[in-house]
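A.B. asks: Below are the chains, spelled out letter by letter.
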Amino acid sequence: MMNIVVIGNGMVGYKFCEKLVAKSTSKAFNITVIGEEPRPAYDRVHLSAYFSGTTVEELTMAPASWYAENGINLLTGELAISIDRTAKTVTTQHGRILSYDKLILVTGSGAFVPPIKGVEKDGVFVYRTIEDLEAIISYSKKAKKAAVIGGGLLGLEAAKAVLDLGLEAHVVEFAPRLMPRQLDEAGSTILQNKLESLGIGIHLTKNTASIEGENCISGMIFTDGTFLEVDMVVISAGIKPRDELAIKSGLATGTRGGIVVNDSLQTSDADIFAIGECALHGQMIYGLVAPGYEMADVVVSQLTGNNKTFTAYDMSTKLKLIGVDVASFGDPFCTSTKHRTIVLEDKVKGVYKRINISEDGKRLLGGILVGEAESYNMLLQTAKNNILLPPNPEDMILGARGGSEGAQGSGVMSLPDEALICSCENVSKGALCSAITEGELSDIKDIKKCTKAGTGCGGCIPMLNDLLTETMKAQGKVVRKVLCEHFTYTRQELFDIIKISGIRTYDNLIEEYGKGHGCEVCKPAVASMMASIWNEMILKQATIQDTNDQYLANIQRGGTYSVVPRIPGGEITAEKLIVIGQVAQKYGLYCKITGGQRIDLFGARVDQLPDIWEELIDAGFESGHAYGKSLRTVKSCVGSTWCRFGVQDSVTFAIEVEERYKGLRAPHKLKSAVSGCVRECAEAQSKDFGIIATEKGWNLYVCGNGGAKPQHAQLLASDIDKETCIKYIDRFLMFYIKTAEPLTRTATWLNKLEGGIDYLKQVVVHDSLGMGEQLEKEMEFLVETYQCEWREVVNNPQLRQRFKHFINSDEADPQIQFREERGQKVPVGWSR
Amino acid sequence: MESHVITNTQPATHWFKAAPVEAFSVNGGACVQYKGMQIAVYHFKATNEWYASQNMCPHKMQMVLSRGLIGDTCGEPKVACPLHKRSFSLVTGQNLNGEEYAIQVYPVKVEEGFVYINVGPAEGH
Chain A
1 MMNIVVIGNG MVGYKFCEKL VAKSTSKAFN ITVIGEEPRP AYDRVHLSAY FSGTTVEELT
61 MAPASWYAEN GINLLTGELA ISIDRTAKTV TTQHGRILSY DKLILVTGSG AFVPPIKGVE
121 KDGVFVYRTI EDLEAIISYS KKAKKAAVIG GGLLGLEAAK AVLDLGLEAH VVEFAPRLMP
181 RQLDEAGSTI LQNKLESLGI GIHLTKNTAS IEGENCISGM IFTDGTFLEV DMVVISAGIK
241 PRDELAIKSG LATGTRGGIV VNDSLQTSDA DIFAIGECAL HGQMIYGLVA PGYEMADVVV
301 SQLTGNNKTF TAYDMSTKLK LIGVDVASFG DPFCTSTKHR TIVLEDKVKG VYKRINISED
361 GKRLLGGILV GEAESYNMLL QTAKNNILLP PNPEDMILGA RGGSEGAQGS GVMSLPDEAL
421 ICSCENVSKG ALCSAITEGE LSDIKDIKKC TKAGTGCGGC IPMLNDLLTE TMKAQGKVVR
481 KVLCEHFTYT RQELFDIIKI SGIRTYDNLI EEYGKGHGCE VCKPAVASMM ASIWNEMILK
541 QATIQDTNDQ YLANIQRGGT YSVVPRIPGG EITAEKLIVI GQVAQKYGLY CKITGGQRID
601 LFGARVDQLP DIWEELIDAG FESGHAYGKS LRTVKSCVGS TWCRFGVQDS VTFAIEVEER
661 YKGLRAPHKL KSAVSGCVRE CAEAQSKDFG IIATEKGWNL YVCGNGGAKP QHAQLLASDI
721 DKETCIKYID RFLMFYIKTA EPLTRTATWL NKLEGGIDYL KQVVVHDSLG MGEQLEKEME
781 FLVETYQCEW REVVNNPQLR QRFKHFINSD EADPQIQFRE ERGQKVPVGW SR
Chain B
1 MESHVITNTQ PATHWFKAAP VEAFSVNGGA CVQYKGMQIA VYHFKATNEW YASQNMCPHK
61 MQMVLSRGLI GDTCGEPKVA CPLHKRSFSL VTGQNLNGEE YAIQVYPVKV EEGFVYINVG
121 PAEGH
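From first to last, the protein sequence lines stand for chains A and B. In terms of UniProt numbering, the first sequence has 306 at position 306, counting the first letter as 1, and numbering is strictly consecutive. In terms of UniProt numbering, the second sequence has 48 at position 48, counting the first letter as 1, and numbering is strictly consecutive.
Keep in mind that the hints are not guaranteed to be accurate.
[What the hints assert, rightly or not] No farther apart than 30 Å at their CA atoms in a straight line, the calculated lysine-lysine pairs in the BS3-like style are these:
1) B:60 x B:85
2) A:669 x A:777
3) B:85 x A:669
4) A:709 x B:17
5) A:804 x A:586
6) A:445 x B:45
7) B:17 x A:540
Since the hints were derived computationally from the structure, they do not count as laboratory data.
Using the sequences and the hints, build the whole thing.
C.D. replies: Here you go:
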């Protein structure tokens, strides 16, 4: 058994233990960890969260019990004071002597405290450990104004912490800009404006000469003679590698600090490794957690016989500073590389984006993002993987303009498998995808647990989400798109099965092609498909219909239903309006004009529905199918008949279209409109299919919708005559009905359709699949077999029998209650 | 939440003769009235199983469960409320979406063409 002694129990020290435990199969190692802090390793990256109430436990990487469970001897509050390299032992301040075969120095760094006069005064703090924070918190109770020395990454974190404590915050930076290692002048200015608007004072090009005050601090004097009044100072001016022990033991160290290591991360003594912020590799101290983790991995690999080495590490970083996104990646400045720069600067919104592109315009070298860093992960991946840039690289920072949604998602999938997604834990896209697939992971929590990705800085979580969605989607071709647990077919497959097999009932279908009793997902989906294929009266199979279809009405609060008679094109005679009014009056129904140019009558009890419809049908009305996943309305403007701007008769066309497709059942509801001129008063471009008159004919738009995610319809064909328009709509609708997933509106369907609107044009207009005629024939069948469902119910005593609340009593539901509002009845609200 | 479940802690003893089998919908739910109570009765034809529950959906306290779609999840018979598709086990009454609401279920039997529901203690208790 090999004795491993680890000196230092910070994040990297912990990570080293975790990785070693995971890699060592049998009990090959006997691990001892010496940590000077009184508690096990904690997450220093998110230290400022401690100010906003995150507890020590939440920040802890792993509890003491974790070490015990893994057979690691953890010594907290113990300081290693000397190393005897000949005897291979470590001595602690308690006199404990530990012998090692391999020694790992993970001593980290301390805060660099510049030699400023008065720095030893009470009220001057560093920002490094939980103890530092506790001291800051307790002192802040008697302070009002605090200055943070250092405008780098950590300094700004500290400023936020000070702000969170309710103090006036100032940042003092020696360089002429904030975050000088990450940002250029313009980026820094944008960040400065943002921070100043939050009330943080920013003082650049300021060299602190002294910290003034007798018993307590009164202010700071700068070398330019100016004075800043503060009563507390937090120093966050950089890090100083903790190399005292190494120096004392005669190991080689750098002139400006840091334990010198080679590519195997061995110090000048081959049995002693150094990793993390104390290690000096290639003249670089890596002050970020990600390269530290990578170093831990390298040493674990060395110890377990795989000789991985450490190479220069990418210092890209993204963080949210006081609500402002800041990121820099690759080579952000390109001071010594020939390059071209694309810059987006929006001082109003406080956004600055810069990307550096190789001279030939083909590769991304690096960049800076301030104010908005959503594209960081994609940009970083593009730069790191040397991915060929698109012809318009500016799109990467300007965002997709009018492009399809989900571009980000497909972007992740276009990355190579070796692309590093989580740089903290060094997890590649390939590893993540196989973990998702093989481990059947379905949420971020599982991914974190299985792969550790996303457990470091958390910056990759949006990408993990995209990867998860996209990978599952890709799997879904086999797994996820199946209808439900009762049918292992996609909707499209089942559609063909129903059509080819000629099966007309759900019971037969589940018996032959499914299993179990079905559910609320597959029953309505099958009902919809059968209606789209056979067009039989849906109440023949009432118990598989979705809620509203079961009673051919829309169920509302209180369990009553609403009634919507069809008013094609929104055109209605006074006589018919009177009938609607009379029926509403007789049955005491609440009336409302709908958005689809018709009238909705609310508050009908289930037992009243057939009587109400009998009267409406007698007056010449038909079902409006407001309850169905089917064609709802075809809205129209008054068009050339009345309107002085109209160029075509939109009302007549709207009525023709509505009469043609009424009752057509589809995967989801369908809405349409016809406008008489370009002014578009019927809002046709927000419909599943919309028609707009032109001087020469009609323009046909498809796949728009309103609702939660409004989307404009896209032009399918222009200046076509009515017959062509109907032909295209026939083809479009049938193609949608055959191929869409359940409950998918046309807009969503198009977004998922490979090739998008161009492909749809090929299919519908150019008949690229050669199925145009068949689609038209299928639609013709549905048009010819249309029957008004309510007419059938009204004339069929057996069907009418269904419409009662109790089967053992003719009573109505006694629970239904109404109250009055603005002269009409409304249901008594539900309790929550 | 507890108050929305119509609980019945007394020993169930009374079989209420609800209606003839033909009155119920096949592979669906139907509502029967018994002394001011509304009881939803569900019939699974394929296995000839009968279940009964309160008609009120505890989510929004509406008398609608008998109009819900019935089915199963992993073999466990269930009903999905027609309003917001909350699913309930017809065996245990538990909500299957992981929420707190549950429903009361009642034993059902069929004898000589009639459906009986065990609604609780006999009259007078």
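A.B. asks: Run every hint past the structure and note whether it holds.
C.D. replies: Here's how the hints hold up against the structure:
Under the criterion of a C-alpha separation no larger than 30 Å, the hint pairing residue 60 of chain B with residue 85 of chain B is consistent with the structure, at around 12 Å. Between residue 669 of chain A and residue 777 of chain A the CA atoms are separated by roughly 22 Å; this keeps the pair inside 30 Å, and the hint holds. Annotation: proposed proximity of residue 85 of chain B to residue 669 of chain A holds, straight-line Cα distance about 19 Å (limit 30 Å). Proximity of residue 709 of chain A to residue 17 of chain B is assessed by CA-CA distance (about 51 Å); at most 30 Å being required, the pair is judged violated.
Taking the CA atoms of residue 804 of chain A and residue 586 of chain A, the gap is about 19 Å. The hint holds against a cut of 30 Å. Distance check on the hinted pair: residue 445 of chain A and residue 45 of chain B sit about 41 Å apart at the alpha-carbon level, beyond 30 Å; violated. In summary, the hint linking residue 17 of chain B to residue 540 of chain A is supported, as the alpha carbons are separated by about 28 Å, within the 30 Å threshold.
The structure shown violates the earlier hints numbered 4 and 6.
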